[in-house]
Each structure stands twice: as structure tokens, then as C-alpha cells.
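Residue numbers (the working numbering), protein chains in the order written: chain A, 1 to 120; chain B, 1001 to 1399.
Derived by calculation from the structure, the hints in this document are not laboratory data.
Don't take each hint at face value.
What the hints assert, rightly or not - If you want a taste of the chain A side facing chain B, the calculated C-beta under 10 Å gives, among others:
(1) S23
(2) S32
(3) L35
(4) E46
(5) T50
(6) V98
(7) Q102
Claimed, not checked - Once the Cα atoms are required to be at most 30 Å apart in a straight line, the calculated DSS-like pairs of lysine-lysine come out as:
(8) K1007(B) to K1053(B)
(9) K1061(B) to K17(A)
(10) K17(A) to K1053(B)
(11) K1053(B) to K1129(B)
Glycine is no exception: its CB is placed at the ideal position from the N, C-alpha and C atoms.
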Amino acid sequence: MDHLELIKLANAAAQGKRPYFFSQPDVDRLLSILLAVTQELAVTRERLDTVERVLERRELFERQEIDSFRPDADAARERGQWHIEYLARVLRVLQQEVETMQRSAGDVSSEDVARELAAG
Amino acid sequence: MQTDTPKVDCAPAWTEAGTHAMSPLATHDEIARFNFLANLNKYMANVVVGGNKVAYDSRAKQAFRNTHGHEPQGRREIRAAMSVDPYYQMWSALRRNAMEMRQQAGRSMVLRQAEPLRDRARSLNAGAKNLQLHPNTPVPRYQSAIDNHCMPGSYYAEYLADDVSAAANYDAGMFATTTGLFGRYLDGAGRGIVEWLARRRPGWQPARILDLGCGVGHNTVPIAKAFPQSRVVAVDLAAPMLRYGHARARGMDIENIEFRQANVESLADADSAYDLIVSTMFFHETSSRALRNVLQEAARLLAPGGLHLHLEQTPYHAMEPFEQFLRDWDCYYNNEPFWTTVHDTQMLDVMRQCGFAADALFEDEIHAVVDLQMPKVGAEVEDFGRGGMWYAFGAERAA
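Use the sequences and the hints to build the structure in full.
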């Protein structure tokens, strides 16, 4: 059994109709995904905490250094740029919606183009 | 961060759970997933659940009255009123997801090592007379229709020969689900029974003990330990639970438990075969018919002078309708379909109907006896059906 098959088996649905609580089941689905991402963020946070504590135990640094760390100007600018790039990735859908609204002719649908191309 | 910030009440780390011969290996991130889930459960129980009553009092009750012309009467109408409330919907969806994620976290940890776990169980169980498996035991409808508490494959699915993964998953995740309230070895109910028996019958040594629906023997083990001279028979339907339970007990050097695969509605033992018959959180996973069959069978099996003691969830008859409604959640949304009926049942009436008329019937309350020191910051909070406190009922047969 490969890793993907294993994780799919771990993910298996229990027998019995699954309840959906919100008036739109899409909200239930999104919440499930969001909660799984929340869990993985907590896992990453705990892993980072472990790294800090291991490094401190080996006397490679003191955890206090992290809270008192102040980046110099270059480092601060690099971080700022990373934040902006990160937000642009996360909020891509908003940018695309604006681009579409701004196209004067508007976009055609694939269905319409498919019919058009099939006809000739 | 200020150093004088008050600490918050959090769940014990998963690494606080007791380990034994069958404990699965856990990676850093697998442990962290359980830690997240335990604290999610804790936060839900301490903070989020309370908002349901606020939503009910401040808007859901009124909205129901606007539509129906009267306030909700009883838990079913409260459920109707709340099922359209956005706060209850969010709480429910979070709680359902927490359970599904707990299953996922346990299964993803256990299934990757299903073979080594199986091999460990095989070696601990080799040649054991105390493991009696009967693979042709039929799975009754009350176990096969729906997978209990969203556990894919329930207690009995087997993915390989002599599989124990269902049991390893059940055992590993329960500490996170119960946030430590059942103790490090999840044996708080069994320890509670031992303590209760010492008060009820000081010095009593029941020679033959029967545990109905034992699972992996979480609560059988402390009873067997308390009565080392006794012969304990622990019965369950599911072979993975029994293989794992036997190996787990053996790893603890406990040799006086026979783990037997059977349906406890009908057992092969002779009349009066046992002096003490117990069950812990078992009946809510059966059916009305099975409940009566099991109690009739238990009445037949108890020796004169013997004692029945069964732990279940708090019955509804002395409870406010809103709390009944909250506790009912598990019936509909956590795959516990007999939960609501068993809470509604007057157990002592059923016992009388099942042949206990001449016996001294009793009801009591038993609290988990827990070997885990947990710093308590706030007041003790009961998570409506998941806490360490149970309704006890039973009977004493005249000598």
C-alpha cells in the first residue's frame, strides 16, 4: 500500500449518512477544510517550538533571543516583501475578479466557444 | 509576554497518556495532531458549548415562538428551534469535524504500522488460553448499521489477518477525546467501580467476574488488578479489540482475564456462573431488544449473593430539557443511534421486567478515579456526555 492509499484509508468515511448543519452544505465543506488547515498550522507551531527548545537545550541559542530579535533594515524590507507576496498569492481570486470586471468586452464562456468552434 | 498572565485550562499532552506493550509508535506531528484535537475538545467544552444556551435564550426560542405560536416544549422542539440557529450549526459542525479528525489522526498513525502492531499482538497472544476468538460470531444490526462514533469500520473491521488496528486507533485517540478525564490508561470508570465496591461491600472478593462489552479492557484491567485471585471473563463482539486487549493486559502482567468473543445477549456459561457482573458505557451501543436480552442473560448468570453494576450516561428523566437536547447531539450527529433511547429508559423498570423483581435494585452515581494530576484553572466542566461521571444502576441478588 503506497502513502496515498494509506492516507485515503485513514480518511475513510464512517458508515451512516453524514450530517450537514448549515443551510448550504458548501459551508460545511469549507469549515472541514479550514479546520484541517488550522490543525496543520498548530502542528507546525508545535514543531517549531520543539526546534527552539532542542536548540536551546544544546545551548545554540536562547529562546528569549526570538522575542527580542530586531531585524536590521535590509532584513525588515525582505520580510515586508515576503508578506506582500504571500498575501498576493492568498488573495489571488480578488485580483482576478477585478481584472475580469475591467475587461471592456467581458469574457466569453467556454461553453459558448465550444459551440462556436464545433459549428465551424 | 507578561509573566503574570494567568494560565489557561488546557488539555494534558498526549504524551501524558500511559504506554503499554501495544502502544503504537507516534511521530512528533502525530502527537501534535492529538494535542490540537484534545485542546479543541477542551476549548469547545469550556467555552464554545455555553454559547448554545445564549443563542437559545436570546433568539432561537423567540424565532420558534414566532413560527409555532408557543415556546419549544421538550428536547425535540428545542432541537427544531436550534437546528436553524447559526451558532448551534457552527458548534455542531465543529464538534462533528473534531470527531472525524480524531478518527483520521488515529488511523493515519496506526494504519501505517498495522503489520508490526499485529505481529506484536501475535507474539504476546501466542498460545494463550485466555484469548477465545470465535470468528463466526455474527455482527448484529445495532453494530453493523452505522459505524459507532464516526469510527470507520467500527470496532470489528479487519484490513489484514489478525488485525488489531481498529483497537489501536480506538485506544490511541480516546485520551484526546476525553481530554484526560478518564485517566492515563482510560480506566477511570473501572477504578471508580473498584472504589465503589470497596465502600458497598468492604473486603468482598467476588471469585468470578463478568465484564459485558469490554472493548480493549480499559476498565476490566483495574478490576482484575483489584481482585487478583478472581477469574475475570471479558466479552466483546470484536476480534481486533480482544486481540489487542489481551496483548495489552499481558504486557501489564495481568493473567486473570479471559478475553472472549461472543454476543453477550446469549452466553454459553451455566446459570449462576458469576458473582459480579459489570458493564461500562456498553448499553448505549446496543438496542432495546438487546438491552432486555442482555439483562435477562445477566440475571440468569448471577450467583446468589452476587452483584450487578452497570455504568451508563446520566438518564434524562431528572434533567432539564435543554441539557437533554445538548446530550442528544451524540445520537444524531456522532453515530450513537441508541444513545437517546437508553437515556430515556428507566433502567430499574427494565431490570424488573427482566427478572430482577426479587433482587435489591439500586441507582447511584460513580465518578472516574483518575491517576492524572491536571492543573485546574477554571471550574470543572462537563462536556455533556463526555465527562468522567456516570449513572450507575444494578442489583444485589439475595444469598
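Hint-by-hint comparison with the structure:
1. Of the supplied interface hints, the one on S23(A) holds, with its beta-carbon coming within about 8 Å of a beta-carbon of chain B, less than 10 Å.
2. For S32(A), the interface hint holds, since its Cβ comes within 10 Å of a Cβ in chain B; the closest pair sits about 5 Å apart.
3. Against a cut-off of 10 Å between C-beta atoms, the interface hint on L35(A) holds, since the closest Cβ of chain B lies about 5 Å away.
4. Hint status for E46(A): holds, given a least beta-carbon distance of 4 Å to chain B, under 10 Å.
5. Using the Cβ-Cβ criterion of 10 Å, the hint placing T50(A) at the interface with chain B is satisfied: the shortest such distance is roughly 6 Å.
6. Annotation: interface hint on V98(A) violated; nearest CB of chain B at approximately 30 Å, more than 10 Å.
7. Interface restraint check: Q102(A) against chain B, minimum CB-CB distance 35 Å, threshold 10 Å, status violated.
8. Our distance criterion of 30 Å between C-alpha atoms is met by K1007(B) and K1053(B), whose separation comes to about 26 Å.
9. Taking the CA atoms of K1061(B) and K17(A), the gap is about 28 Å. The hint holds against a cut of 30 Å.
10. The suggested pairing of K17(A) with K1053(B) holds, with an alpha-carbon distance near 27 Å, which does not exceed 30 Å.
11. Of the pairs offered as hints, the one joining K1053(B) and K1129(B) is violated, with about 53 Å between alpha carbons and a cut-off of 30 Å exceeded.
Hint violations for this structure: numbers 6, 7 and 11, all remaining hints satisfied.
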